[in-house]
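**Student:** Please build the complete structure, drawing on both the sequences and the hints.
Listed in order, the protein sequences are those of chains L, G, U and V.
In short: position in the first sequence from 1, add 24, done, that's the working numbering.
In short: position in the second sequence from 1, add 24, done, that's the working numbering.
In short: position in the third sequence from 1, add 24, done, that's the working numbering.
In short: position in the fourth sequence from 1, add 24, done, that's the working numbering.
Errors might be hidden in some of the hints.
Facing chain V, according to a computed beta carbon distance under 7 Å, are these residues of chain L, among others [said to hold, decoys possible]: (1) Pro54; (2) Gly56; (3) Ile59; (4) Leu380; (5) Gly382; (6) His384; (7) Gly385; (8) Thr386; (9) Phe387.
Stretch-level coverage of chain G by chain L, calculated; a stretch enters the list once three of its residues show a Cβ under 8 Å from a Cβ in chain L [what the hints assert, rightly or not]: (10) 290-302; (11) 325-331.
Derived DEER-like restraints, expressed as beta-carbon distance ranges [what the hints assert, rightly or not]: (12) G/Gly140 with V/Pro245: 26 to 32 Å; (13) G/Lys206 with V/Gln109: 39 to 45 Å; (14) G/Gly140 with L/Gly382: 16 to 22 Å; (15) V/Pro245 with L/Gly140: 49 to 55 Å; (16) V/Arg66 with G/Ser201: 52 to 58 Å.
Hints are computed from structural coordinates only; laboratory data are not their basis.
Nothing here was measured: the structure is a model prediction, and the numbers come from that model.
Cβ atoms here follow ideal geometry from the backbone N, Cα and C, with glycine treated the same way.
Protein chains: 4
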Amino acid sequence: MSSDFGRILHISVFGQSHGRAIGVVIDGLPAGEEIDLEELQRFLDRRRPGTGPLSTARKETDIPEFLSGLEDGKTCGAPLCAVIQNAGQRSKDYGELADKPRPGHADFTAWAKWGGHADMRGGGHFSGRLTAPLCVAGGIAKQLLARRGVFVGAHLAAVAGIPDRPFPLYPTAELFSEIAAKPFPVLDEEAGERMRSAILAAKNDLDSVGGVIECAAAGLPPGLGDPMFEGVENRLAAALFGIPAVKGVEFGEGFRAAELRGSENNDPFAMKDGEVRAETNHAGGILGGITTGMPLVLRAAVKPTPSIGRAQRTVSLSCMENTDLTIHGRHDPCVAHRAVPVVEAVTAAVLLDMLLEGNHGTF
Amino acid sequence: MSSDFGRILHISVFGQSHGRAIGVVIDGLPAGEEIDLEELQRFLDRRRPGTGPLSTARKETDIPEFLSGLEDGKTCGAPLCAVIQNAGQRSKDYGELADKPRPGHADFTAWAKWGGHADMRGGGHFSGRLTAPLCVAGGIAKQLLARRGVFVGAHLAAVAGIPDRPFPLYPTAELFSEIAAKPFPVLDEEAGERMRSAILAAKNDLDSVGGVIECAAAGLPPGLGDPMFEGVENRLAAALFGIPAVKGVEFGEGFRAAELRGSENNDPFAMKDGEVRAETNHAGGILGGITTGMPLVLRAAVKPTPSIGRAQRTVSLSCMENTDLTIHGRHDPCVAHRAVPVVEAVTAAVLLDMLLEGNHGTF
Amino acid sequence: MSSDFGRILHISVFGQSHGRAIGVVIDGLPAGEEIDLEELQRFLDRRRPGTGPLSTARKETDIPEFLSGLEDGKTCGAPLCAVIQNAGQRSKDYGELADKPRPGHADFTAWAKWGGHADMRGGGHFSGRLTAPLCVAGGIAKQLLARRGVFVGAHLAAVAGIPDRPFPLYPTAELFSEIAAKPFPVLDEEAGERMRSAILAAKNDLDSVGGVIECAAAGLPPGLGDPMFEGVENRLAAALFGIPAVKGVEFGEGFRAAELRGSENNDPFAMKDGEVRAETNHAGGILGGITTGMPLVLRAAVKPTPSIGRAQRTVSLSCMENTDLTIHGRHDPCVAHRAVPVVEAVTAAVLLDMLLEGNHGTF
Amino acid sequence: MSSDFGRILHISVFGQSHGRAIGVVIDGLPAGEEIDLEELQRFLDRRRPGTGPLSTARKETDIPEFLSGLEDGKTCGAPLCAVIQNAGQRSKDYGELADKPRPGHADFTAWAKWGGHADMRGGGHFSGRLTAPLCVAGGIAKQLLARRGVFVGAHLAAVAGIPDRPFPLYPTAELFSEIAAKPFPVLDEEAGERMRSAILAAKNDLDSVGGVIECAAAGLPPGLGDPMFEGVENRLAAALFGIPAVKGVEFGEGFRAAELRGSENNDPFAMKDGEVRAETNHAGGILGGITTGMPLVLRAAVKPTPSIGRAQRTVSLSCMENTDLTIHGRHDPCVAHRAVPVVEAVTAAVLLDMLLEGNHGTF
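**Tutor:** Encoded structure:
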């Protein structure tokens, strides 16, 4: 078991980049939930490679077919299976790679694990393409959450070290929608312009850049999550590291908290509209693994795309000797902007799972 | 279920800071393994508050009693239960806190979850004290791993923004032992001196500081871990966020990878002593969630101790009105240095669990 | 999460009887395993309704399409997804049933759970049709097990109280093949004849009958399984009750053991060919939840098909009043004989999962 | 992981029969629940060996000490750990057994699994003694269930083939209390008398007998449980097979259903007091794995105690040759009557776990 997560809401992803199809089984969705397929498609489209110079030239339509679980536009209690056909693969681009593991890719570790039997064409099951079915699951979760007053949104917090403005203390559904509607998901357009320049500069250098995605959830009740190993942070981190290229996850101030003093990092409590609120949100909405009722805030670090056009040193697995590799084919000079909806999707799926489980602190 | 983790090796932690005892059940240990109790005690002692000015004045002896699973010094296949009696609590120090949630602590979220029924004296089940039984489990795991050539060690990578030197490309068991023997677990003594000064300065200001712990594992085979949601990163992160005060987890370059270019972050492969190795280790020993055979490297961010001596703004839960709180009693101005063996413990436990599960990539 | 099971080998079933397709995701298969699709199809055909009078007239071809995980006839490490298109549904037969729950079916409990949103056409997700994808998973598991010397087979131990001969002390792969090749899977042809007569008699009475399936696994090593709640019995029972209509599961003598004396039920140990063997196998190959190395023997009780042609008393859920119901459409007067390969499939899947996990008793 | 079960309510059992202590960790109990320790002790006493001739002469007091999770008589949200000290072991009785596996016991399989490192004195971790901590967990679960109108009770349905009267269609809390108060838990005193005679006759013959326990739960809502592999039957069976000596589990008519016709086994629905009820309960309160709202009824088969006074054939593991074994020491000629509260305990624990999880069929 590996490509699945969740307890009540169980999400199982399948497929290889250049196989016949990719897809997802979502088990545990409540019944009678209407799924707005147009809204879902708009969400999926945010992840798709664009037509501009920032992305791969691969054509993906990514229209899910629903084999089960969805009848007359509503969930029916049975596991939902959605399939996306693969098309437009150019596997010949990857021929040489079967023998020469690409630095920074899972080629070598897949070989070590599966003894050369893995289908690694286009990255195989490790490909970013697998995030499309993840977004089907997350897009559905987002709709169910929104119906219950919980809104999940994200922006590109940084590319190549160039920062966007952070979320305000109380991000809203409207702000999330606004960002989602943008072709490049940043709060600060000027920062976005600099990020795009950095991506293009890397592309021109046959190189790539990484970025950071900041995701927030507004509307969560306090008291969600369990102590120690089943807290909100534990469960979100476990799932978020499932997104290809994510190498770090932090909540609230995260690593910056390690540089602050307690008096700076502690969030004073104060009454607001009859409820206990924090005046600041350095904790990112979580204390002791349990939600405070303040917005949940997390960040995920996305490494630079390992596929770059420059010649790189690697080995030949058949000859067990050093060699060089130049990767041809189409590659994103940056995947961080495309990963923004993916981080939202995974976050939404985990939060819906936790809400379905309920707060059984008192029964 | 919340205070447990693991699949084959299942670790379940119990106790409250000021309850009768704390402890751990470790289910799934292989049988016939000799446990060196003196070595275990030395490991536990690294976590204990010292006698110096850097730590709380609370006296903890932390000697585990083994109720089951260990006969004649060897594991016997049955679940191992170790109990540590609590002593030296001064619960009266915490009386006021039942009504006034401490900023940065789980007091408020426990109240939201358990409706005031939680035993939060001394932090209750959320206390850093619960890391003592975690260290029992992890200390045992470390012994079993070492017997199989896998060594886990950690150092204090930073305190209050003051960095230690990072681990070398190939950290060794000897280096880990050397750090473990130090009263303050850093590689660079001069950096350690500056860190200690920063802790004392915070203490003098009735304040606290945080830090970063860097942990490595040497000797792991390549091919360990499963793709997507059961990778090494997912499982380690899920467990590491169970350590109180951890707010961020990253692997290899982690968040810094987001600022690098692909050509800088990719690790070229090269033959070395007949095996495929990477020339650098920006990936921290993991690609696609699966081990490369290079050292595993991770970092965990520990926030500044939320208990500080300064007056803080909070609310009265009984009156639902704003109030002030001054925390008395004994508190660590920094817990990051004490958390170093805890990060080792959790890392070792997860890695042993994965090794016990085996690499079933090919059967 | 509900329609999935397994730890290393994770099997997730989806689909509704009259939906677009049914299928299965199998995550965790070792890579490089050749799957003999013809052998698999022969296995699936054993479950299909026949053309004779014993079965439903519904036409099912049940040919799985592989969307992922299988490349060039071999597993590739990625999750395998197999889909079977639905066809030949006659949903109009089931119109009345949406309001009138059929006695003995899940109609009422699905309504209670999902508030009328369930797609219960043809039994929906509860239909015996869902055992087809289970058989895809189990058929693949059987091939992998056979390759490692573990053989799983089953026969119809009883129909309507008419017993078949039990398995011999050491059932063989050859015996399993022999039964599998029969149109009616019994050891004793004469008993089979009487069973078929009982089924036809029930059919003529617009009624149905149940049966018992006995399944064995030969070639398991001793020492497999864990004590208490992760024993072979626990894991097999948990999965076997997932087969529709199963109402009882027993191992070895099972319920009959409760009528025996210890001196009759204990299996004496004796050396045989240099190995410890039991002289009898009342334990069904399991002691303390762990395999003895003797054949694993279990039985599953299948209740009589609840869909019968006779008028039955039920209620109208819309009017909340008593009413009558006469079920039209095509139904099996007995499903026990078709469930024989399904019990094999589930048993094989669980056993392969346990073998993949390995015996980590000593590491 | 093996000696634990449950999803929200997680129960982890530890200890060996002749080790220092046995115990249980119960994680996930709702907070603020008062535990009546006297009532709990009365429940535990039902499991203890009596002073009469039907039971072992071993003295067990079985008074649990609570190390955590219970403060001022109430649960506090933290995991509850209860420990029962071992006393009165006479390990010298078991010396010979280390080499000669007792037929019908786990001695051989433990040896096969743990290579001779298992502590099998008195049955070690496989001993019926481990059901004492299970009863602590189950006794607490019973109190929480009763507070919510769900009552669990059991009786000895058969010993040595001698049947008790079955539960009535609607068993009540009063009936359960009545049985629980009896020294021998049967509905029909005359049947009980015959059972006791059968036990004594076996004892006189240096032999043992088995039995069947029937357990019911009244007051469950309809709609609890999930389809296929997470149904009420699956989860109960998985846990019930964790009770030593259980070799079969069935629900409602169970194996007898296989001998009935559909018209006999189907339960007609009818309105009763404004609610949908079944007129009969052959289904044992479960259809499709989901509760109907009728009483849950299950039976567990307990094999005859494998420890008997007669000489038995076995092998010497050190010499790998055939030998004889005569077991001395104290043994129950029957454990079925003592297992009655254990079946209640496990059933209650699983049901509470499912209720805590909630029915998320519609959200």
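**Student:** Confirm or reject each hint.
**Tutor:** Checked hints:
Here the hint on proline 54 of chain L is kept, as its CB sits about 4 Å from the closest CB of chain V, short of 7 Å. The closest approach between the C-beta of glycine 56 of chain L and any C-beta of chain V is roughly 6 Å, which is under the 7 Å cut-off, so the hint is satisfied. For isoleucine 59 of chain L, the interface hint is violated, since its Cβ never comes within 7 Å of a Cβ in chain V; the closest pair sits about 14 Å apart. The beta carbon of leucine 380 of chain L comes within 5 Å of a beta carbon in chain V, closer than 7 Å, and the hint placing it at the interface holds.
The beta carbon of glycine 382 of chain L comes within 5 Å of a beta carbon in chain V, closer than 7 Å, and the hint placing it at the interface holds. Checking histidine 384 of chain L against chain V by beta carbon gives a least distance of about 5 Å; that is within 7 Å, so the hint holds. At a threshold of 7 Å, the smallest CB-CB gap from glycine 385 of chain L to chain V is about 6 Å, leaving the interface hint in force. Here the hint on threonine 386 of chain L is kept, as its CB sits about 5 Å from the closest CB of chain V, short of 7 Å.
Nearest Cβ of chain V to the Cβ of phenylalanine 387 of chain L: about 4 Å, under the 7 Å cut. The hint holds. With 9 residues having a Cβ less than 8 Å from any Cβ of chain L, the region 290-302 of chain G passes the three-residue criterion, so the hint holds. Only residues whose beta carbon comes within less than 8 Å of a beta carbon in chain L count, and the region 325-331 of chain G has 7; three or more means the coverage holds. Under the hint 26 to 32 Å, the C-beta atoms of glycine 140 of chain G and proline 245 of chain V, about 28 Å apart, fit the expected range.
Range check, lysine 206 of chain G to glutamine 109 of chain V: about 41 Å between beta-carbon atoms, so the 39 to 45 Å window is met. Against the hinted window of 16 to 22 Å, the Cβ-Cβ separation of glycine 140 of chain G and glycine 382 of chain L comes to about 19 Å, which satisfies the hint. Between proline 245 of chain V and glycine 140 of chain L the C-beta distance comes to about 54 Å, which sits within the given range of 49 to 55 Å. A hinted range of 52 to 58 Å for the beta carbons of arginine 66 of chain V and serine 201 of chain G is consistent with their spacing of about 55 Å.
Hint compliance for this structure: hint 3 alone is broken.
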